[in-house]
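A.B. asks: Now for the letters of each chain:
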Amino acid sequence: MSPRLFALVPAAVAINLVVGRIAAELSLPVYLDTLGTMLVAVLTGLPGGVLVGTVSQLLAGMLSGYQWLPFVVIQWLIALLAALAASRGGFATPFRSAIWGAGCGVLCGLVSAVISFVLFRGVTAGGVSAIGALLRGLGLPLSTAVTSASLLTDILDKTVAFLVVGALLRALPRRILGRFPVAARAVGR
Amino acid sequence: MALDRSMSFVASRLAFRYPAQTHKALDGIDLTLANGDVTWLTGALGSGTSTLLLTLSGLAPRLTGGDLSGAIAWNGHDPARRSPLLDGVAWLGPSPGQQLSGVARNVHEEIAVGPMNLGWPRARILSAVAEAMRRVGIEHLAEREPSALSGGETQRVLIAALLAAAPLAWLLDEPFSALDRDARQRLGALLRELAREGACVVVSCDDAEDMMDVADRLVVLQQGTVALDGDPQELLASDAMLTTGASTTDAAALAAAAGFPTPRPITAAALISRLPAARLPIPGAQVARPEKSGPQRLRLDDVHFGYDGGPPVLGGVTLALAGGAAVGLFGANGAGKSTLLRLAMALEQPTAGTVHTLDQITAGRGPEDLAPRVGFLFQQPERQLFAASVRGECSVAPTLAGWDSARIRTATDAVLAELGLLDVAEEHPYDLPLPRRRLVALASILVTDPMLLLLDEPTAALDGASRERVIAAVRERTARGAAVLAITHDATFAHETLDRALLLERGRIVHDGAVRDVLDDRSARRPAALTAALHLGLEPGSDRRQEVVDVLTLALRL
Amino acid sequence: MTRAHPFTGGAVSLAAIALALILPAPRGTIALYLAICLGAWALGAGRAVRLGLLAVAPIWLLLFIMHAVLGEAPRLVLPWGGTLSQPGVDWAVAQGSRLAAIVTASLAFAVRFDPHRFLQAAVARRWPWSAAFLLVATLDAAERFGDQARRLREAQRTRGLRVRGSLRVRARAVPALVFPLLLTSLTEADDRALALESRGLTHHGPRTAVDPPEDSRSDRIIRWGSLTVVVAVAWWRWIAA
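Chain order of the listed sequences is X, A and Y. 260 is the number of the first residue of the first sequence in the working numbering; add one for each residue after it. 86 is the number of the first residue of the second sequence in the working numbering; add one for each residue after it. 13 is the number of the first residue of the third sequence in the working numbering; add one for each residue after it.
Since the hints were derived computationally from the structure, they do not count as laboratory data. Glycine included, every Cβ here is placed at the ideal spot set by N, Cα and C. Don't take each hint at face value.
[As the list claims (entries may be wrong)] Calculated pairs, SDA-like style, for lysine to any residue (alpha carbon to alpha carbon, straight line, at most 25 Å): (1) A:Lys109 to X:Arg433; (2) A:Lys109 to A:Arg458; (3) A:Lys109 to A:Val509; (4) A:Lys109 to X:Val441; (5) A:Lys109 to X:Ala443; (6) A:Lys109 to X:Val332; (7) A:Lys109 to A:Gly330; (8) A:Lys109 to A:Ala325; (9) A:Lys109 to X:Pro353.
[As the list claims (entries may be wrong)] If you want the footprint, here are the derived chain Y segments under chain A, 3+ residues with CB under 8 Å: (10) 16-30; (11) 40-50; (12) 102-112; (13) 128-140; (14) 192-198; (15) 242-248.
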């Protein structure tokens, strides 16, 4: 592991946690708790992002129970898609960021619906399950309710997350761009 | 410990460029540093002193990226292979808060981190840690939590942490910056001791007063090359220093401004010894400053405050500030200085009593209700910047206040010109060196022309030129009718901007008077301008720099 | 009372989590949950029980609504009117007790976790340095960033930023509250890497534990005992049956 990852990974995990808390304090309808994972994946590549995602999920386990550990797959998926988007100029404009974000949301929503349905029969923590219960109450079958709830929340969350990361990347100081040459490609320069 | 004199740093035709930069930070440096010497590196902002330390340690370009040409040898080999600590080189960066390991529970463990990583036997580590704490004089901090230390304490812990690993060479970047006067003297003595024991000590330092009695050799860099190299006392007394843009001692600067011939006096005592003993009749210098009687900007009436469940922090503070007043808050840590500023900004509400900020009572209000007519400068204000350009950053507060774009443009132009930032208006704030980034933060607050300024250590970690900007800006604001309430440890700032000092002790104002009564020579070094003013018997309040220069000029002519 | 070795608490918590997944629900998991609560309380981690209740209460509520109320037939007729799904109630109780056991065991570990003793133990046992460092440094960073976020919020409010109001107002506060955190962490990453490197923290080599926690006989007995219990219960549950 490079000295830079020694420095970056703890900071990025802390960002996941703290920005997630800021979004909750502002009562926003999104989680924004994967920005650190995305940034490190974009700036240093997939392995760094996966590392941040894994450590984040382990830390989250300490704070809210290790039952949610299977959702680490979602962190990896986000790292993968953020790194992929970076290599394809996916953050060049707000529009492109939103498209990649929505795509990431669809994939994450589907995978977390599978985890949520198979392992937890649709009841995990937070707003997703509440929306799922609401849809179920409206008469939808359990699998449909869980999937729709996951898709709905994840598409919104990931679109906003990609928009935020894109806005940051497009306005990075030269000094950071010089240290992370990949960032220039991510915004299509 | 007998050391071979050949074990030292040798740089030949050394050049270095940071990634994504067009200019070279170092450009053709030839330098041989001897063991047993304290070498002082200085230069104007951006002259390359920090970069030189990084390349000598081998950390640049290995960690920073960038291109290096030429050659460096430490102890006969290339330093750029592994952690400098493993090769007996101690490097200390400029921002103490960033340097803590983050893995230590207390100061004792923090100091043991280096030897632990070197894999020394446990008994050797324990004795090295104890010895390092003793030499730096921080035994009393042993059980403290590293993250809860003050900046100065952190700096001393870090020096002890490096010392414990028994390095043969020291590369220190602004090691004095967060220290109080006693700690500065102690560190200077330690550096001399280390050199006497045979270590090669290299210090980058912007403050001449700290190093002039400590250094054996002064190397002044200018745009990445060696501009001057010689005896510190001789160079400081000469004209050469001034042309490089490096800061010199306050006494030398005053002497130069007053037109003294070289070699100039470089200490306050030497400066005074050149003055005639008799009092001088000085026209203009004895004009008392007008009483501050503008409209009220801040009023505290019998304010009590305590944080939830904690002991009382303020116990009955009454205070009024009129427009044009500049008042300093002094007192030990925990005396309630920051709390008082926070109450004035409605970041806290008093448990009893009332706070009136401008014409509003703070009860039921938050800081966003007082903005933008009150400006609050936090410590480390550069950490709040987020716009993509300096101009954009200055537009944040006026935009939030609903100003139209033409008005914003005029106001940002004016404030950027005032703080000397117009040439970087379109730059990203994070591309600027730290002192200028701090100026950007100050500009982003002054832009709305606040009528009350609450400043928490406004000149911390600034270089000489940036500090002058801050001093000028604060004086300009009080002249325009704003009131200033500032916490500061900077004697020059205090003496040149403040006209009253409040001393807080355990949540009460115990003294209200002249700055010089409160800021004694022990806690902060008096600038030579003040020492000279006192010697000349100028009226209280006339210890301002220009007045002293006028007197000196006159004295020289007589 | 001498403190247990840092690995002992981790082993017991892991064993409890494994048992929650192995033991038959609901009787096994309910008994386990009660045992964990009792154990946590006895070992001075009573806070974990309270925090655990706060964490699982919404999950219990959702389980009740999603499965007991909205679940499949056959329905149970309640004496005071209304019906509940029989399989839904079974699942809600089974899953509710299982999750409660896992949450409480995780939190009990977290409440008693001492990063510095853990690091010393890991160094003494020659565990991979990067993994141990990352865990401990992350907890430290989380605390520092939390403080920074709080200060930042205050600083931006003094510049006139509003953090309450309509969704539009709150959404527009995001850059001011989030970008400085990201920008400073990226610009400071190099400074931080330099600091870690210069203190020898990124060096891969043998290290010395300055203050290695004592690993007593009873610690070892408890760790091996935990493993034995898990293996025995798994054998009883899946192979013997």
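A.B. asks: Just pull the numbers of the violated hints for me, sorted ascending.
C.D. replies: The structure conflicts with hints 2, 6, 9, 10, 11, 12, 15, although it agrees with all the remaining ones.
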